[in-house]
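Each chain is listed here by its residues.
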Amino acid sequence: MKKLTVFLASTAAALALAGTAANAERATDGDLKILFWQAVSTLNPYLSGGTKEIYSSSLTIEPLARYDQTGTLTPWLVTEIPTVDNGGVAKDMTSITWKLKPGVKWSDGTPFTAEDVIFTWQYCTAPDGGCAQKAQYEGVKSVEALDPTTVKVTFTEPKYYPYSAFVGAQSPIIQKAQFKDCVGAKAPGCTSANFGPIGTGPFVVKEFKPNDVVTYVANPNYRDAAKPAFASVTLKGGGDAPSAARAVLETGEFDYAWNMQVEPEVLATMIAKGKGKIETAFGTQVERINLNWFNPDPALGDKRSTKEAGPHPALKDPAVRKALSMAIDREVIDEVGYGEAGKPTCNIVPAPDIYISTTNDWCLKQDIDGANKLLDEAGWKKGSDGIRAKDGVKLSFLYQTSTNSVRQGTQALVKDWWQQIGVASELRNVAASVFFGGDPASPDTFQKFYADVEMYTNNFDGTDPEKYLAEWLCDKIPSPANGWQGQNIPRYCNPDYDKIVAELAKTGDLAKRAELAKKANDMLTAEGAHIPLIHRGQPSAISNTLAGVNMNAWDSELWNAADWSRKK
Amino acid sequence: MTDATTAAAPQPPARSLTREIWGQFRKHTGGLIGLCVFIFIVLAVFVGPYIHTIDPNKIDIRAKNQGPSVLHPLGTDNLGHDMLAQILAGGRISLAVGITAMLLSLVLGTLVGVISGYIKKLDGPLMRLTDLFLALPLLPLLLVIIMLFRDTLRAAFGPETGIFILIVFVIGITSWMHTARIVRGDVLAVKSQEFILAAKSSGMREWRIVLRHILPNVMSSIMVSATLGIASAIITESALSFLGLGFPSDFPTWGRLLFDGANFLQINPSRVIWPGLAISLTVLSVNYLGDAVRDALDPRMLKR
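Heads up: the sequence lines are chains A and B, in that order. Using the UniProt record's numbering, read the first sequence as starting at 1 and increasing by one per residue. Using the UniProt record's numbering, read the second sequence as starting at 1 and increasing by one per residue.
Among the hints, a few may not be true.
So, partial list: chain B residues that the calculated Cβ filter (under 8 Å) puts toward chain A [said to hold, decoys possible]:
1) Asn65
2) Gln66
3) Ser69
4) Val144
5) Ile145
6) Asp151
7) Leu153
8) Ala155
9) Pro159
10) Pro248
11) Asp250
12) Asp260
13) Asn263
The calculated SDA-like cross-link candidates involving lysine to any residue, where the alpha carbons are at most 25 Å apart (straight line), are [claimed, not checked]:
14) Lys303/A - Arg154/B
15) Lys64/B - Glu265/A
16) Lys512/A - Thr156/A
17) Lys303/A - Gly162/B
18) Lys277/A - Ala262/B
19) Lys200/B - Asp186/B
20) Lys152/A - Gly87/A
The hints are simulated quantities; they were obtained by calculation from the structure and are not laboratory data. We put the beta carbon where it would ideally sit given N, CA and C, even for glycine.
Extracted from the complex, chain A is given alone in its bound form (with noise of 0.2 Å):
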């Protein structure tokens, strides 16, 4: 199956070759102009774990096999993706073996070859290197070269998904000869290098001002004579959202603009003047509501939302926490908020398709009576002031999330609806620096989670949930021991769910490994460890007059720029 869907992409990718080759030559397009709102402040991704950093690296730097858009691996360095089928995954999948293109030249003119993969991998897991793409090379024993377009990389224990080292915009390959003074602690100090990596990919950096523009030439050695198309690119940063949407749709002075966080209708507006059009990319980014399992009284001084303070009172009941699913309708959410750069979902596992369930579909429909009835039954009675209440407990709950406009819309259509099932609740906003920014000293972090409820969003990188959903074992639970750092959010905890993900890890057949990801889902759902509300895309702008963009949410939005052109 896999094989098959492989060779599809890549005679889809020949044909698109085929197709564009014919009319076009290098460098004859002139310049494209790309706005990130959120400057770059680096060209090195190994040293920025940003987003914007890893996009915009990747028109110079490239990996050896890509995802494309529909999150299937696409070969970019190399000849062909490894299967065990090809021979290229060991049998026991402690080992996978990489065969280079041949003749690929780095920007400077010197061949590209294994030393180069070998060394980025040295590169990345020095000592006191501090690099930021660290996860991608987790398990990997040790890299060796075969011969100068072979590279074979070891693994300390059997891994069952062994594309991460190398694959994708987080792990680029750089070249030795540039980096080979830059190792370990010295890293940061490679100031040249750091601004202007020699790459495979189809632009070199000219000049970078960080934190203001970059600006790159097309690249002489290119293994494509035919690419890129556009002579230059423009890469610059600042301002805001709305005014990085203007400068495209409306004014037409930029031809790309990434990350489109406005109003739907701020954005039609715009779009009305005929420039250009919103692109979105679905990845697996999903808009949830964690439920605190544990309880974060504030009398509790420093044990609340800790095991020590006990389960949740009101929201230990699940008749509670389905009601308040319930009570959401999605589709509103969505209209008001997201647009087109988002849909309702009931998943915390929205994508790839194989790993869609549709089990949880009862909550894609708002039912307030329902969940009216829902309460009545478990014995939580409306007060005189409408807000239901059992046994002293009272269903008022503290909700908050990070200052954003969009998500005050949601909190303020949230607090609507759950007043109308009788369940109070306090709003409270947080600066997206404090509330993200993972101080331990900070008592509004979301991973401190000092409230009854709170909404972000999270996602998972490349296109394999296993380890995702490994964030929600018993043993992820953040509290002061471990500094705060675990990842199970919610405090769930359900030795069940840990057995599925246990299974999972031990799993290699594709089809089970679906099917045990979309029960681990179901579960959480189900047991209401979170309320998935939006699956989010990532909208971009982009003018009317370029072609050939390709939304990708798997990999860099940027991955084809080689392929992009000017209308004519």
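Chain B: place on chain A using the hints.
Using the frame of chain A, we list chain B on its own:
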């Protein structure tokens, strides 16, 4: 001063000080208009919700982004909130915060300014304290204050009152310094004049000198900083709310309405115009009001 007493002597005793001030105030046209506008805003904001009875937090998603209509005289926002109701509710909070925070900073500033201007020994330490407060970085200070006291105040007074007290306190405590500086300068100037010396040599108590002779003479500058204070308090509150440090998002204030509306400027300009107009009119009317009160209270003009 001697001719002032002779000029005051022939006046009939029935004409009290209050009437005299009012008479002086009426001569200031701008002040009168300012007073009317300010009273109108205060009345609208506090009485208005009894006439326009829509709940400001009621969401009617089908009626979003509407223009003015009989049901929604100022239209609706992108969630279907009634804008008029939001502006009236927002005005109550903004005005209450603005006036209370201004009063707090005024009292603090005047106290520090008068003491440091009048008592030479305390001048140095108090002015260094003022320097210290001026040098404090506002935002980290706010973060710390809010982190330390939010939950305590919330438990003691409930979420609304708790955050109100906190915000008024935070704005008051961080904006008194300029008043203190100005008042101190004026006190120093007034202190060296002969009538103070005369009052002192006649055996008047110090605090009476401050109250009867110095304060009326520095009232003009206090009034000016008060009027400016209301404006900056309203703006600071909105900045705080915007950063998520102020009132929860379901408590509309003028500043928050303005921030929220900015993105919708093209679709629905009235979302920005009305709250903006409300802030501007309040600030302007209070400014004129302060101007007129200053003129009316100025002893030199009074005795002319």
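For a quick check of understanding: which of the numbered hints are violated here, in increasing order? 2, 3, 4, 5 and 7
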